[in-house]
Every structure is written in C-alpha cells, then in structure tokens.
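Position chains V and U with the ligands relative to chain L; hints supplied.
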Amino acid sequence: MTTASPAPELSLRDKPGFSDLQGVTVEHGLNTQDMVVNIGPQHPSTHGVLRLVTTINGEIVKDMEPVIGYLHRSKEKMAEGRSYFQYQPTIDRVEYLSSFYDHYVYVTAIEALADLKVPKRVEYIRMICMELNRITSHLLWFGTFLLDLGATSPFFYAFREREAIFKLFEDITGARMMYNYFRFGGVNADAPPGWLDDVRKVINELPFRFDEYEAIANKNPIVMDRCIGVGVTSYQDLLDYGVTGPSMRACGVAQDMRKTNPYSCYNEVEFDVPTATEGDVYARYKVRMAEMRESIRIVHQLLDNMPGGDSAELRKLEKEHAKVAEEIAAAKKRVTVAKKNEEAPNAADVAKMAEKAPELPFDYRTTGQKVNLMVFKPPAGEAFSMVESPRGMLGCYLVSDGTPKAYRVKWRGASFSNLTILPSMMIGNLYPDLMAIFGSLDIILPEVDR
Amino acid sequence: MTNEPSKSQHIEAPADDNRVLSGLLEIGRGLKTVLSHVGREAVTLEYPEVLPDLSVRFHGRLCLLTKSDGTDLCIGCKACARVCPCDDLIQIEMHRDGDKKPVIDQFTIDMGRCIFCGNCTEVCPVDCIKMLPDFELADYSREALVLDKYDLTLKGEDADEWRRTHGLAPSVT
Amino acid sequence: MSDASPPANKADKTPADDAPEPIQHGPLGKALADKGLTLEALGDDAVGNETLGVACADLLGVAKALRDDGFDLLLSVSGMDYKEYRQSVTHLYSTKTYQTVTLKTDAGGDDTVPSLVPIWPAADWHERESYDLMGIHYEGHPDLRRILMPIDWIGHPLRKDYKEEDPRLVWNRR
Ligand code: SF4
Ligand code: SF4
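Those sequence lines, one after another, are chains L, V and U.
First residue of the first sequence: 1, per our numbering; consecutive thereafter.
First residue of the second sequence: 1, per our numbering; consecutive thereafter.
First residue of the third sequence: 1, per our numbering; consecutive thereafter.
This is chain L alone, in the form it adopts within the complex (with noise of 0.2 Å):
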C-alpha cells in the first residue's frame, strides 16, 4: 500500500474516461463506489492554484490526474518582446519563493553567451544571497508542511527566522522577495555596510532555532506516524519522472549539482551532501532540515573568506585609490601647463607614478565589465545553464540571435518535473496520505505554470 506503482503508468489515458471507472466494487465486505472528488483549483494545501481531479474508492485513490495552467502568466513569451535588462524584473515572479536561483541561471545563460568574467566577490555575495534564500526556501516548506498535518505553531515559528532573513535581503537588494537584484558580470550594488556582520548575526541564531523545530517536530507521534513509510518512491521512479532535489536525495542519491557540477565558487567551500535512504516523507523532512544547516555552513565559509571584507574597509580603500588617481591628474596638469614661477615636474616621473597607480583588485569589484544595459545585446548563441534550486535542477535555455531582445527564453522549473511523479504516488495509497505526499515534494505552482 505504501509503495508507488513502479511501472510509471499511464493509468487514467489507458481508461477512456471517467465514468467507466464508476464500478462497484467489494473490498472487505464493504460496497463501496468510485467517486470523483475535486480537489482545488482553490484549495490551501495546495500553495497555489492546483487542480487534482482524484477518484477514489473508499479511502484509496484509484486514479489522479493534475490539472494546471491556472498560473500560466506566459513569461517565455514576455521574454521575446523585451530587451535583456527589462526582462530581468519579471524572473522573480517565476518562483518567487527562490527568485535568487532563477535571476542566477538567466544571468550565468547570459555571461557564458557574452563572456563575461565575473569578479570572485560579485560571486561570494551571489552565493550567500542563494544559501540564504535556500533557507527562506525550507523555511517556508517546513511550515507550511507541518501545517497540512495539522500544526501551527511551527508555521510562526517558521515565519519569524524567515522574516529576519527577508530584512537582510531588504538591506541589500531594497525588497523582500521580489529581488531583482544579479545584473549581467556583476550585482546592482555592493552589500551595505555592516551587512556581513549582520548575516552572520542571524545565522548564528539559526542553528538553535532548528534544534527546537526539530525538538518539536522530529519524534513527534503524529508527524511520524503521516510521514515515516508513507509516499515511498524509488530511485528509478524518480528518475523515470524527471523528479530532481531534495525528493530524490531522500533516496540515497548525492545528486547535487553543487557537489557535481560544482558552479560559482562552491568548489571553494566545504559542505556535505546530506541524504537519506529511506525515499518516504519522513527521509524527505531529514534532507531538507538537513540542507539548511548545511546552507549555513557554506554562509559561513563565504562570511569569513569574502574577497574585499566587509563593505566599509572597501570603501575606505577606494577612496584612497581616488585620491592617489587625483594626485596623479593634477601632477599630469602641472606637466602641461606649468605656471611661470613654478618649475614642472619631470614628465617621467609622473608618468611612472600613475603606472604605480594602486588599483581595486578585479575580485574585490561588485561590477566586472560594465556593460549598458541599455542597449545589451549577447552575441549569437545559446546557453543552457542549471543550477541547483531548493526544488532540484533549474535550468534556463536562452537562445540569442544578436539583438537586444532574446530570440526564446526557456525556463526548466524543477516543480514541473517534480509534480508529474504525484499521481504515480499516490494511486493506490490512503486519501488522507495526499496532503502529506503532495507537501513533501514541495511543489511551488508558479513555477511549473510559469
């Protein structure tokens, strides 16, 4: 009963239709009838507008069949009549509860086509700003999932780290959740003041607010007995759907393109892939628990080793450049046009001393080229760029033909793949199971609708 079946059958386009399954059928002596229950488009365990057309017999499902498109804002198709840079804002409401990841693979598509380097500090802040929201990520998951089992506490509890995680993305980028915030070679501004001091505040906190989440959820009788055994998935179910992240993890596979394909600079930090064998609900509630003290490790790492420090010794330091810079141009000035009671200086003096210059250190800028955004056009080309979201593998495949706007933008959400494995788990299985199986797969329907 708590097996999915493991052929991926296409169960319902096998039947010609619904009303052929309304046969009655006698299990343990009970008459029971197969009925149709619709679950949604509105419903609040679904965290978006999902509609499930669900037969059941009694307390099993017989058949399930996702309906979505209710979210479908066509943002593949905004992309082709937008410049690069303009574009660039509607991202964030592709996911908007990870909108880092989807602005990192639409950046990265874009540096690769054009070529452009990327300073080490530009991607230090890019990855704590990632982790960080990997955490908001699973914040909200583990709430919002305790809450379809039936407690709330935690859901505040949830909301509060979370929120104190928000008002360090509102420091650096000016908004909450809709960022908007990588730009092509670089970021749209370098991390306030302080603000690294300020992460590593929260993120120390963090660890002790994940102990009591866990002192009140890990062995609690109720979550165990909806999760441990329920939904169980195997490996090659998952790969047969496309299902990618922390559900396929949870069946004892360390595929993590952070560790695999290792992109930005996580080759440079120390972190563990965390998994768990056991392929149920429960080994998916491990992974992601798991994942977020992993996240800090990593914030951690990046913290300490961040090229530059923190903000306000680099702005010190430039500042000292500009005035060597102003220096060197007012001796340049003397050079041509020397005053009559005022001796010249010696040209190649000055001309050595500007050659002494002292310069911002590439990694240490927030901007590698600068680029005009304006009138930002890739060369020819496509790009397909992943990286690894909270929901698993999220890729962008961008086509350019040299213009200002992009010839096709395609979006790879990790939910759209991740949903299409539900009815396999479910048919078969208990009912009342699908809230528990449905949140552990953390679907997010703006993604998968786009």
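If you are wondering where the hints come from, they were derived from the structure by calculation, not from laboratory data.
Mixed in with the good hints, there may be bad ones.
Unchecked claim - Straight-line C-alpha distance at most 27 Å; calculated DSS-like pairs for lysine-lysine:
(1) L/K377 / L/K117
(2) U/K83 / L/K77
(3) U/K104 / L/K405
(4) U/K35 / U/K83
(5) L/K405 / V/K78
(6) L/K219 / V/K32
(7) V/K130 / L/K316
(8) V/K130 / L/K405
(9) L/K377 / V/K78
For chains V and U with the ligands alone, kept in the frame of chain L given last:
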C-alpha cells in the same frame, strides 16, 4: 569533484513497544518548546501605529529628485521608460527651449501597474528618478494612482537629504 | 529577429574565414557515431554542453543509445520556432557522468517529431507543453493534449507569427 554521499543526521524512531510512553514524552517535549516561546518578545509590529524600520534601499514609491535650487534635474532622456518592464508606464513629454535646454512638460507614472523593480532608478544618467521608503499607496481609484510630475517631485532640500542618506553628493547644481 | 535563419551556434563562428570548417564531433558525438548512428555535430553551447543534431528518423535510436550510456534524466523538451521550420530541443543529464547533452531535431513540414516518452517517461508533460505552446506534434505520445493553456485555446502562443485571434478574449483588449 568528489561526490561522497554524506548522511544526514539520522533520527531514530522510538522503539515500537513503548510507543504510548515515548509519544507522550515527545508531545511533552514539543509543548515545552512551545511554552518557552510564550515569554519571548513579540516580533510583530502593530502596524498603523508602529511603522517598520525600512532599509535605505527599499523599493517603494518613485520620486523625481530636483537640483538643490529646486529646478528640474530630469533631462528627458526617457531611459527609464525604455527599461521599464511594463508598457507605457512612464510617460514623458518634453521639448527644448531656446538654449536647447530640456523642459519636461509632463511626467506621469502609473503606480498602480508599477512592479517596484527598480530598473528605472538604475539607468537614469543624472540620478533623478529614485525610490522612497514609502509603501502606503492605497487609494480609492486607479486614476488616483497615476502620479504626475507635481506628485512625484521632491523639492530642493528634500532631494538633498535623499542624496545625503544614499551616499551621493548632496548638492547638485 | 530580421533574418529567418536559426541563430548560429557560438562555436560555429570562425571570424577569420567565411567558410567555417565542419565542426568535429565531441567525445560523446564520436562515441555515438562510432556505433553507426547518424548525427550532426553542432559544437558546444556557450556553457559547454555538447549539442547534437539528430534527424527525426534517427532520434529514437540515438536516444536509446544515450540512455544506455547513462543519460537517464530528461531535463526539458523545448519547442523552438525558426519561422520556416520548428525544432524540438531536448536536454538530457547523466547522473553518472554529470554531463548535459542537447539534442536538436528539426520537425518536417508537418511539424512532427517522434515522441521520447517510450524512452524517458519524464518527457510526457514536457512534450505536452511543447505541443501546447509551439504546436509540435509528438508522434507516439500517449496523450498529446494542451497542458498550460485552456483546452479550447486557439493557436500556439509561442510561435513567432502568433496573433491572438480568439474573439472571446475581449477582456484582454486595452
Ligand atoms: S520600478 Fe520598475 S515597473 Fe516601476 S516604473 Fe520603475 S522600471 Fe517601471
Ligand atoms: S532616466 Fe532620468 S533623466 Fe532620463 S527621463 Fe528618466 S528620470 Fe529623466
């Protein structure tokens, strides 16, 4: 790159024989955590009375900064309108006077359709269009949300103050 | 978007001479070609993923060979519209070697491409999406229906020549 699977901290299931006892224990532990929150300070704000402490970079209502003497800073280049992701959201009408100086006749922004992305603030060559930490924009009609030049303009001293708090040179002539 | 030809691949461009040399197969393409499969080398994309052009008739054979080589995860199927013809682009990932490979299949005049569902069941929804938005028919797909747009939608919105023709959509007019 090594790909060593590392185990997450393994969480033992309590033994089956004393499930009732361990269950009660766990519920008690959960309740203890919940109760420990009772004494903690509230993190929520009583909103209309207490306003949140917003960051200086907050994406809020748009405004047009002016020169220190209160005259228009905007040069009517329409860069902001071109990078805005929404069609026709920023509408600018301008002409040039006798000295070829730009004169802005009309500058309207439909705040009802603005998505507060900040694209416009980033491309402005003279740092004129900027954002205020002001989010209380609700109104009774859509028309009231279309702000014109008068509503948007931040006069001399206020503009200087804005520039000071955002690390720009305060006085612009 | 003035020229109708597909955007040239980055690796195709050799600025020095007008007639670029034929692109050599990458390691993956070579291994497949050695097995007697016909495919066209299209170089690497900007990120470094190998791109292979496969004709409709050879697609299933190549796909099977790729799956046996360890490309067990289908990432996405994207429909492309190059005005004169349409193309189905498949991205595959190997959980063994951690490589990504791109397969490009030009649809003929009737916009038909063989379905990959028998090989990767994950292609199911992705192909439905491509059919819905781009109008590419996947032959052998068990249930090719619209997925994102309403079932009574007229036209395929991601096509370059798409115009909203539905007279019912008056609310959308400004
Ligand atoms: S904030 Fe964004 S949406 Fe609003 S006016 Fe500026 S560019 Fe347009
Ligand atoms: S970009 Fe700045 S200067 Fe140009 S029109 Fe907009 S507000 Fe005026």
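(request) For the pair supplied as a hint, V/K130 and L/K316, confirm whether the alpha-carbon distance does not exceed 27 Å. (result) Answer holds: V/K130 to L/K316 is near 26 Å, not above 27 Å.
(message) What's the verdict on L/K377 and L/K117, does the C-alpha distance respect the 27 Å limit or exceed it?
(response) Judged against 27 Å, a Cα distance of about 16 Å means the pair holds.
(message) Tell me if the straight-line CA distance from V/K130 to L/K405 falls inside 27 Å.
(response) The given pair, whose Cα atoms are some 26 Å apart, holds under the 27 Å limit.
(request) With a cut-off of 27 Å on the C-alpha distance, tell me whether U/K83 and L/K77 pass. (result) Satisfied, since the Cα-Cα distance of roughly 15 Å is no more than 27 Å.
(message) Just to be careful, I want the Cα atoms of L/K219 and V/K32 compared with a cutoff of 27 Å; is the pair within it?
(response) holds, 14 Å
(message) Holds or violated: L/K377 and V/K78, Cα atoms, limit 27 Å.
(response) holds, 20 Å
(message) Hint check: U/K35 vs U/K83, CA-CA at most 27 Å. Holds or violated?
(response) Violated - the C-alpha atoms of U/K83 and U/K35 are around 34 Å apart, more than 27 Å.
(message) For L/K405 and V/K78, compute the direct alpha-carbon distance and say whether it is at most 27 Å.
(response) holds, 19 Å
(message) Tell me if the straight-line CA distance from U/K104 to L/K405 falls inside 27 Å.
(response) holds, 22 Å
The structure is inconsistent with hint 4 alone, although it conforms to all the rest.
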